[in-house]
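Colleague: In order, the protein sequence lines correspond to chains R and E.
Position one of the first sequence corresponds to residue 24 (the numbering used here), numbered consecutively onward.
Position one of the second sequence corresponds to residue 24 (the numbering used here), numbered consecutively onward.
One or more of the hints may lead you astray.
Covered by chain E, per the in silico footprint, the following chain R stretches (three or more residues, Cβ under 8 Å) [as the list claims (entries may be wrong)]:
id, segment
1, 78-86
2, 112-123
3, 130-139
It is worth saying that the hints were derived from the structure and are not from the lab.
Using N, Cα and C, we set each Cβ at its ideal position, and we do this for glycine too.
Number of protein chains: 2
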Amino acid sequence: LKISDMGEFGMIAELREMLRGRGEAVLLPPGDDAAVFQAPGGALMAFTTDAMVEGVHFDPSYVSWHSLGYKALAVNISDLAAMGGSPPSFALVVLGLSPQTEGGDVRRLYEGMIDCADEFSCSIAGGDIVGSPRVFVSVSLTGALLEGRFLTRSGARPGQSVMVTGTLGDSALGMRWLMQGGGGNNPCAKKFLYPQPRLSLGRRALQMGAVAAIDISDGLLRDLGHICEESGVAARIFADNIPLSAAARATAQELHEDPLAAALSGGEDYELLLVAEKNDAVGMRAEIELTAIGETVEGSGVTVLDAAGRAIELKKTGYDHFKEA
Amino acid sequence: LKISDMGEFGMIAELREMLRGRGEAVLLPPGDDAAVFQAPGGALMAFTTDAMVEGVHFDPSYVSWHSLGYKALAVNISDLAAMGGSPPSFALVVLGLSPQTEGGDVRRLYEGMIDCADEFSCSIAGGDIVGSPRVFVSVSLTGALLEGRFLTRSGARPGQSVMVTGTLGDSALGMRWLMQGGGGNNPCAKKFLYPQPRLSLGRRALQMGAVAAIDISDGLLRDLGHICEESGVAARIFADNIPLSAAARATAQELHEDPLAAALSGGEDYELLLVAEKNDAVGMRAEIELTAIGETVEGSGVTVLDAAGRAIELKKTGYDHFKEA
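Looking at chain R on its own, in the form it has when it is part of the complex:
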């Protein structure tokens, strides 16, 4: 059976099964935003890795080397944020470069990565360059969980509030904008090129009672689906409550796209999706820029409701077409 037949997720599930029950020293098994282990002395550390491959995860025709470097680090810091982790963090970088790669491009990639590191108190501790027919950037990152506990995908229970930071859909619309030749000054394009991991918000949410979290990298529906699956709950969210920015609405209009579709399925927003008891959620929203978009219930799966409380059929409405983005 080839990967193309099994699917990437099928393969990942099998490999996770192989690792299950091994390594008691790992406090959180594979499958969450980051792994967690305990350093000598007792500190809890989150540990995560992510790779971006040319032609698969980025297209140099509309992603600059500077933003590629920035983003490659930012998506790892976002995983730390989703655990309720804290700066400082430490990153290692492996660059796969072809002999034809321009040295100046690699320097700009590093400049972008250093800019992101400076903004989020991350130290780029080193790395390596390897030869590769296709450019790739592989970053691994570790950072402390200073609360002595952490947020997982599996902590949600029925009857809790589902919330998101910021606005959704901007990044996917920004990517479409750039693909169609639009400039990088569009706020949506900026969010696609320079996502802002919610590092301080994640920890604050943990302090204020959040019980589950994930960063929105695959799109709201998929990532909320991950929380539901790992927690053994269902979720219903209200389409009208999903936060859309003015820029997303304007860009969607210019592109003849539906901003709600982008928000539900677009991905790469790197906002945090948080779950908390409804009582705690009120206090959190008073302090953190958070939008309540729905609630967890008994069952499984994610339902999107319209203003009249009717379930929206996602496939029929084309909300799915952003998934290929």
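Fit chain E to the given chain R structure using the hints.
Modeller: Then chain E, alone, in the frame of chain R:
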């Protein structure tokens, strides 16, 4: 300027320069076997990463998927060993897979990695699969430095003893053996496919007074050259003292190769190259299987001396031809 014009080492040097002086939280700047940072609570952690790319670092025609997985983890553990680090360690794995990759091959790769993890008390904490036109394996690893200090490439001073663990050249000869269709039961082939990182020896050497270390991945001459450069010393080693295994001698004979050339320039042995004060070196050799091969002196560069004490001209003798291996 393209990477092919600057050279990989030229590019790495430039990127290191960009990182210099940043991230005070990093206790050992980029350029050693691993980075070092301090976890909350004070524990020192080594942090390292390495990637293997199909067609560049391995050839599936003579490297099995099982050994690829084993080796991809082992070379990272070897970096931890070269710092004087300790188990348990924690690893993350990114696999770049093409849609044509067979699921069974990926499982065997993971089995090899798990076998290595079990032998060296490493926990594979998780990872990811990404699409890639060419298969790659990128591993990052962190482990504690329980001595509260660590071995670097820069700690050598003139007048000290230069020593190595195990025997050298086996791995390079084993690779040639496999390339020419030889079987994997040859001890040299085994060492190439399943290198044994010297994790416990590294820490013991640190306890007993070693002042500098590197793992031999690029070949004795190059790796000793790294120590000389980073420490600001020269080294002279005695060709007759370089430890060659019976298997290396026999395999070299069958291949019509010079085993000494393989030992000097072959690489991938993943033995430790250690430097210590001559007094301490005596005690270390009494307890650890170590061979004294030479000494550090004032100056720069590495000289190889024959039995009569004459410098061997390495280029003329063809000792260099293993470098391309």
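Colleague: Next step is simple, just say for each hint if it's right about the structure.
Modeller: Verification of the hints:
1. 78-86: It holds, with 3 qualifying residues against the three required.
2. 112-123: As far as the segment 112-123 of chain R goes, the hint holds, because 9 residues have Cβ atoms under 8 Å from chain E.
3. 130-139: Check passed, 4 qualifying residues.
Checked against the numbered hints above, the structure breaks none of them.
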